[in-house]
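Asker: Here is what each chain is made of, one letter per residue.
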Amino acid sequence: MFGKNRDSPVAPQNLSQINEDVRIRGTITVSEPLVMAGQLDGDVNADKLKFASTAIITGEITAQSLTIDGRVLGSIVADKVSLSATAHFEGQLYCQDVAVDDGAYVNAKFTKEPVTNG
Amino acid sequence: MDKLGSKTIIGAGASFNGKIINARVIEINGKMNADLTADKVTIGEVGHFDGAIRADLVVVSGHYEGKMQAGSVWATATASISGKLHYETLQMDRGAALNCHVVHNWKAKNTAAAPSENDDADLLMQATLDKAKNVAVPTSPEEGA
Chain A
1 MFGKNRDSPV
11 APQNLSQINE
21 DVRIRGTITV
31 SEPLVMAGQL
41 DGDVNADKLK
51 FASTAIITGE
61 ITAQSLTIDG
71 RVLGSIVADK
81 VSLSATAHFE
91 GQLYCQDVAV
101 DDGAYVNAKF
111 TKEPVTNG
Chain B
119 MDKLGSKTII
129 GAGASFNGKI
139 INARVIEING
149 KMNADLTADK
159 VTIGEVGHFD
169 GAIRADLVVV
179 SGHYEGKMQA
189 GSVWATATAS
199 ISGKLHYETL
209 QMDRGAALNC
219 HVVHNWKAKN
229 TAAAPSENDD
239 ADLLMQATLD
249 KAKNVAVPTS
259 PEEGA
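Residue numbers (this note's numbering), protein chains in the order written: chain A, 1 to 118; chain B, 119 to 263.
Honestly, I wouldn't trust all of these hints.
Derived DSS-like pairs: lysine-lysine, alpha-carbon spacing no greater than 27 Å straight-line [as the list claims (entries may be wrong)]:
no. : chain 1 : residue 1 : chain 2 : residue 2
1   : B       : 185       : B       : 202
2   : B       : 185       : B       : 137
3   : B       : 125       : A       : 48
4   : B       : 137       : A       : 48
5   : A       : 48        : A       : 80
Cβ-to-Cβ under 8 Å is the rule here; a few derived chain B residues that face chain A [said to hold, decoys possible]:
no. : residue
6   : 137
7   : 158
8   : 201
9   : 204
10  : 215
11  : 221
Not close to chain A: a few residues of chain B, all C-beta gaps over 10 Å, as computed [what the hints assert, rightly or not]:
no. : residue
12  : 134
13  : 140
14  : 181
15  : 198
16  : 216
Please keep in mind that the hints were generated in silico from the structure rather than gathered at the bench. Think of the CB as a built atom: it goes at the ideal place given N, C-alpha and C, for glycine as much as any other residue.
Using the sequences and the hints given, assemble the complete structure.
Answerer: Below is the structure:
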């Protein structure tokens, strides 16, 4: 039962990722890259953030750079945001640079804000 | 579709507050204050977990505090656990620090043993009923006549 990973049960990793089956209610604060593919009801604070196509996020998002492939409902504060073709975003967006791909669903209020967040 | 592999990872620079459910395999190297339900949990050497865990297998190399209910628990040499620990099987490496209430969960075995006794009881009951019928049948026509 324990034999499989006896050599190194725990290799420290800086990358954070949340799998697609996972459902979360709460707050995540990350100083390193985060890939989120699950469901989150809460707030995210991250440096470099990616929401995969399976991600469903409801809450406030603060990041330096943000890539959205999934669904987001809420407010985003970021330096750089890119919404891909599969993205679905409703809410408020405060950011410097926005890129929206062809096919993305966006129903939001955009505000250009000269803020930097960590 | 984005595939991340089967693992969920809370990195060393991450801190989490809240509730996580349905995480199959989760590795924690950051700071967590959470209520977690998963299949397999690994708390890394630099990981701090504060809160409840319900899982089949928990490997602890870091710091844990709270109430853990697990099928198998492996505390490696760098582990420190405090709080409450309910387990089926437990493995401790030399150097692991357990400072907690440790309870072995007997429930599953007791319920597994129970049905055989019931079966015997059912058979006995059936045999008694059959006997009663055999006795009762001849008497009924007399009553009718």
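Asker: Does residue 216(B) sit more than 10 Å from chain A, CB to CB?
Answerer: Residue 216(B) clear of chain A: closest Cβ-Cβ about 17 Å, beyond 10 Å.
Asker: Sort out whether residue 48(A) lies within 27 Å of residue 125(B), counting only the CA atoms.
Answerer: holds, 19 Å
Asker: Going by Cβ atoms only, is residue 204(B) closer than 8 Å to chain A?
Answerer: violated, 18 Å
Asker: Compare the distance between the alpha carbons of residue 185(B) and residue 137(B) with 27 Å, and conclude whether the hinted pair is satisfied.
Answerer: The given pair, whose Cα atoms are some 14 Å apart, holds under the 27 Å limit.
Asker: Does residue 48(A) sit within 27 Å of residue 137(B), going by the straight-line distance between their CA atoms?
Answerer: Holds - the C-alpha atoms of residue 48(A) and residue 137(B) are around 23 Å apart, at most 27 Å.
Asker: Would the pair residue 48(A) and residue 80(A) pass a check requiring their Cα atoms to be no farther apart than 27 Å?
Answerer: Holds, because 10 Å separates the two Cα atoms, which is no more than 27 Å.
Asker: Once the closest CB in chain A is found, is it more than 10 Å from residue 181(B)?
Answerer: holds, 12 Å
Asker: Is the interface hint satisfied for residue 221(B)? The criterion is a beta-carbon contact with chain A at less than 8 Å.
Answerer: With Cβ-Cβ at 20 Å, over 8 Å, it is violated.
Asker: Under 8 Å is the threshold here; is the Cβ of residue 137(B) close enough to any Cβ of chain A for the hint to stand?
Answerer: holds, 5 Å
Asker: Classify the label on residue 134(B) as holds or violated, using whether its beta-carbon is more than 10 Å from each beta-carbon of chain A.
Answerer: At roughly 5 Å from the nearest Cβ of chain A, residue 134(B) sits no farther out than 10 Å, so the non-interface label is violated.
Asker: Grab the minimum beta-carbon distance between residue 140(B) and chain A and tell me whether it stays above 10 Å.
Answerer: violated, 5 Å
Asker: Hey, does the residue 201(B) contact hint survive, CB to chain A under 8 Å?
Answerer: violated, 20 Å
This entry does not satisfy hints 7, 8, 9, 10, 11, 12, 13, going by the numbered hints stated previously.
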